[in-house]
Amino acid sequence: MPTDPPLLELRGVSKRFAGVTALDNVDFSLGRGEIHGLVGENGAGKSTLMKIIAGVHSEYEGEMRLDGHPVRLRTPRDARDAGIGMVHQELSIVPALSVAENVMLGRQPLNRLGVISWRRMRDQARAQLRELGIEVDPAAPAGSLPLGLQQMIELARVLLSGARILILDEPTSALSPPEVEKLFALLERLRASGRSVVFISHFLDDVLRISDNVTVFRNGRRVGASPARSISKAWLIERMIGGGHERLEESYTDARTLPPRPSTPAVLEAEGLGVAGLFDGASLRVHAGEVLGIYGFMGSGQLELARALSGKLKLDHGTVRVDGREARLRRGTPGAKRAGIAFVPESRRAMLFAPQPVYRNISISILERINRLLLRPRLEREIAGGHVRRLGVRPARVDLPVGQLSGGNQQKVALARWLTHLPRVLLLSEPTRGMDVGAKDDVVRIVRALRAEGIGIVVVSSEPETVLSLADRILVMRRGVLAREFAGEAVGKDRLLEAA
Amino acid sequence: MSAPLTDPAALREPLWLRLGGQLRNLAPFVTLIALVVLFSLLSPSFATVGNVSNILQQVSITAIIAVGLTYVILCAEIDLSVASVANAAGILLAFFTLQDASVNIANIPLPGPLAMLLALAGALALGAVTAFGVTWIGIPSFIMTLAMLQIGNGIGALLVRGQIAYNVPDLVVALGSGSIGPVPWIVLVAALVLLVGHLVLTYTRFGRYVYMVGGNREAAEHSGVAVKAVVAGVMMISALCSGIAGMLGVAYFGSAQQNQFDNYLLDAISAVVVGGTSLFGGQGGIGNTIVGVLVLGVLNNGLDHIRMDSFLKILIRGLVLLMALVINVYAQRLRSMRRGVG
Ligand SMILES: Nc1ncnc2c1ncn2[C@@H]1O[C@H](COP(=O)(O)OP(=O)(O)OP(=O)(O)O)[C@@H](O)[C@H]1O
Ligand SMILES: [Mg+2]
Numbered sequence: 001m002p003t004d005p006p007l008l009e010l011r012g013v014s015k016r017f018a019g020v021t022a023l024d025n026v027d028f029s030l031g032r033g034e035i036h037g038l039v040g041e042n043g044a045g046k047s048t049l050m051k052i053i054a055g056v057h058s059e060y061e062g063e064m065r066l067d068g069h070p071v072r073l074r075t076p077r078d079a080r081d082a083g084i085g086m087v088h089q090e091l092s093i094v095p096a097l098s099v100a101e102n103v104m105l106g107r108q109p110l111n112r113l114g115v116i117s118w119r120r121m122r123d124q125a126r127a128q129l130r131e132l133g134i135e136v137d138p139a140a141p142a143g144s145l146p147l148g149l150q151q152m153i154e155l156a157r158v159l160l161s162g163a164r165i166l167i168l169d170e171p172t173s174a175l176s177p178p179e180v181e182k183l184f185a186l187l188e189r190l191r192a193s194g195r196s197v198v199f200i201s202h203f204l205d206d207v208l209r210i211s212d213n214v215t216v217f218r219n220g221r222r223v224g225a226s227p228a229r230s231i232s233k234a235w236l237i238e239r240m241i242g243g244g245h246e247r248l249e250e251s252y253t254d255a256r257t258l259p260p261r262p263s264t265p266a267v268l269e270a271e272g273l274g275v276a277g278l279f280d281g282a283s284l285r286v287h288a289g290e291v292l293g294i295y296g297f298m299g300s301g302q303l304e305l306a307r308a309l310s311g312k313l314k315l316d317h318g319t320v321r322v323d324g325r326e327a328r329l330r331r332g333t334p335g336a337k338r339a340g341i342a343f344v345p346e347s348r349r350a351m352l353f354a355p356q357p358v359y360r361n362i363s364i365s366i367l368e369r370i371n372r373l374l375l376r377p378r379l380e381r382e383i384a385g386g387h388v389r390r391l392g393v394r395p396a397r398v399d400l401p402v403g404q405l406s407g408g409n410q411q412k413v414a415l416a417r418w419l420t421h422l423p424r425v426l427l428l429s430e431p432t433r434g435m436d437v438g439a440k441d442d443v444v445r446i447v448r449a450l451r452a453e454g455i456g457i458v459v460v461s462s463e464p465e466t467v468l469s470l471a472d473r474i475l476v477m478r479r480g481v482l483a484r485e486f487a488g489e490a491v492g493k494d495r496l497l498e499a500a
Numbered sequence: 001m002s003a004p005l006t007d008p009a010a011l012r013e014p015l016w017l018r019l020g021g022q023l024r025n026l027a028p029f030v031t032l033i034a035l036v037v038l039f040s041l042l043s044p045s046f047a048t049v050g051n052v053s054n055i056l057q058q059v060s061i062t063a064i065i066a067v068g069l070t071y072v073i074l075c076a077e078i079d080l081s082v083a084s085v086a087n088a089a090g091i092l093l094a095f096f097t098l099q100d101a102s103v104n105i106a107n108i109p110l111p112g113p114l115a116m117l118l119a120l121a122g123a124l125a126l127g128a129v130t131a132f133g134v135t136w137i138g139i140p141s142f143i144m145t146l147a148m149l150q151i152g153n154g155i156g157a158l159l160v161r162g163q164i165a166y167n168v169p170d171l172v173v174a175l176g177s178g179s180i181g182p183v184p185w186i187v188l189v190a191a192l193v194l195l196v197g198h199l200v201l202t203y204t205r206f207g208r209y210v211y212m213v214g215g216n217r218e219a220a221e222h223s224g225v226a227v228k229a230v231v232a233g234v235m236m237i238s239a240l241c242s243g244i245a246g247m248l249g250v251a252y253f254g255s256a257q258q259n260q261f262d263n264y265l266l267d268a269i270s271a272v273v274v275g276g277t278s279l280f281g282g283q284g285g286i287g288n289t290i291v292g293v294l295v296l297g298v299l300n301n302g303l304d305h306i307r308m309d310s311f312l313k314i315l316i317r318g319l320v321l322l323m324a325l326v327i328n329v330y331a332q333r334l335r336s337m338r339r340g341v342g
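Protein sequences, first through last, are from chains W and U.
All residue numbers for the first sequence refer to UniProt numbering, where the first residue is 1 and numbers rise by one.
All residue numbers for the second sequence refer to UniProt numbering, where the first residue is 1 and numbers rise by one.
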């Protein structure tokens, strides 16, 4: 019985980068009206395969068929013409352009004279964003919006472009739960209209919920594929990591009983912090050996609060003390660093020097400690090598440009920077974003080890699981105000969401 | 767990991509060799010891200015005031030196070393103003140094008032126009400045910060690097190099007068860019600048040796610069291609 060929089919695809086999003889297929989940550890090759489909990588071995016909897409433009649209893992929004221009990028409506019709562009953009359930001013510059909304705008651009194959590479990493719901509702509508979607995510529950079929990658190979109905989270984790996963589910969790308030002295005391339009009246203290979690939906102001504490964002009012001494945050990040505050921001692009080797990315913040006048690259490499091994960065090579690592591995490098000479206060903004289950577990362990050293840690996140698995005490931020504190009690995802 | 993800076959990246990664460094070098071979074949007087010394002497001032500019461009900034700061420093030097009675300027004769110090201090002061404007006030360096270009010219003009001053301290005369054996002193000074520039850039913390700030300013800031101080530092270094070049230049030319350095702005920027230092910051170095300076020097000198029409020469230099720009931008694109988008 002859069956229809699948909409998209890849056979025996291999892709190598200098020294790294990213994909090794991989098969993949996607049917019409199917939502296909794709999971795997950091560096497993998910993004690489999707970039091949989207025409970003044109040099590879193997075959790709669309509607049963072999095709070779050489550029993203080719892919777009073939009806393939991709939302990349890293935000690629143009911050200076308006929301409308970003949504309509590449398909601006023209008027009779062949000139862009701004009014129609705005109206169409507004209507399309409404489909995703968001109300924003289409004329506002996209860069001025909170990250979650920026991601929604980027999603809107691709989802509503009319493409029949939609590739979403970790689209929910910056979205709040209500936004994820809106996205899923839209994906279901798209599926009903016959579109096909590839959905990459490290949130396995989400993947199981939305997908029809799930494929698992490990080390550049396909190690499992199954209808989503017939598998469990444990099945996925086992294939992703290959055994020994029991421990994982324990440390990265979505419900916990918090310990009682510590009696140790406060390392960080912040009093009445405010930045106009972002947050106000924020007071908090972090004790030695304590992890304070600050949870809030995207755009509630918690990321900005962390940024202000790091000296990156100028405070309008309020004081910050570290070990009882006032931190001179007016002097920006060097001032904060001198006071003993270290910051790992949520965006890797804002943290890493992509063309520079891994070891320089790690040593940058300790240069003044490990040398006087001349640099000591050998020592830098040694220190970096230790961290790279301990954090399980792959490939474990300190001379590789950090831009060539996969997203999750880049995140580990960013974290490694502050582990050599411990700060007094470590601010972590979305520390597990884009990390696989194993790496998240690593972060949990690293943070616990740091806590044991007696430093104060602040974890800021819009992922309830991140805060729940890391924090000893939780503050919930709502619309720029610290609205609720959880300490010494049992909390779960539901109670956090309720408070936010 | 750290099973090596390497296998020998995987190292076989397409040749063009591998070479492409080195394009930035290879292209200028190949150009230099090609030019030398070409001119040697076309003109018997080109490849002589005397002419090599000539070329080196001709590029020395450009080289010294280009060292400072390399720092600035690596930091993803620009300094358009280099030539005018050099000019101001040269004129200041003459201003503090006893001049012949025929030179009718209200100058203040001082001992040679003091005059030199004051000239350098003047250049540094101009650099400090630039640094202040760029970092504290936040004026883009392109605009700020355009203003400083005018200010430097203005100071020079006020001091000499259209006249020409011939005297500068003996030490400067020796360094600028004397030679030790067959080697001109000015070449040695330039070599020293290049060497120090290279060492600071490669082996010191400040040098590393320059690359990091140029590569990703936001990331540098998040790492606790005092970004403003680094930017201020490179602007001061640029002014210092211009000051040194300005003083030596006056001796090299044999006089101090207005606008005598005007060509050096373009020459120095061209040298840095032709050498392959990225216009986007973060990549390149003094090694690149040396090659760039030599390419321009050989081209200039060689075109004279084959008796190229001097008007056509201007056009050719423009075309070479254009080619370098294309390679520069193309090399950047290749890099980001290898890096991938996600
Ligand atoms: N442009 C590149 N140059 C060199 N190596 C690369 C490049 N892009 C990816 N790699 C390597 O290929 C492998 C697969 O990376 P890929 O980005 O596909 O992983 P991923 O599954 O998307 O991981 P993550 O969940 O962390 O995003 C990694 O080892 C990575 O270091
Ligand atoms: Mg990826």
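Some hints here could point you the wrong way.
[Unchecked claim] Derived pair list, reagent style DSS-like, types lysine-lysine, alpha-carbon separation capped at 25 angstroms: (1) W:K312 <-> U:K228; (2) W:K493 <-> W:K182; (3) U:K313 <-> W:K314; (4) W:K233 <-> W:K182; (5) W:K314 <-> W:K493.
Hint data in this document are derived by calculation from the structure and do not stem from the laboratory.
Now for the hints, and whether the structure bears them out:
no. : hint              : verdict
1   : W:K312 <-> U:K228 : 13 angstroms, holds
2   : W:K493 <-> W:K182 : 19 angstroms, holds
3   : U:K313 <-> W:K314 : 53 angstroms, violated
4   : W:K233 <-> W:K182 : 23 angstroms, holds
5   : W:K314 <-> W:K493 : 32 angstroms, violated
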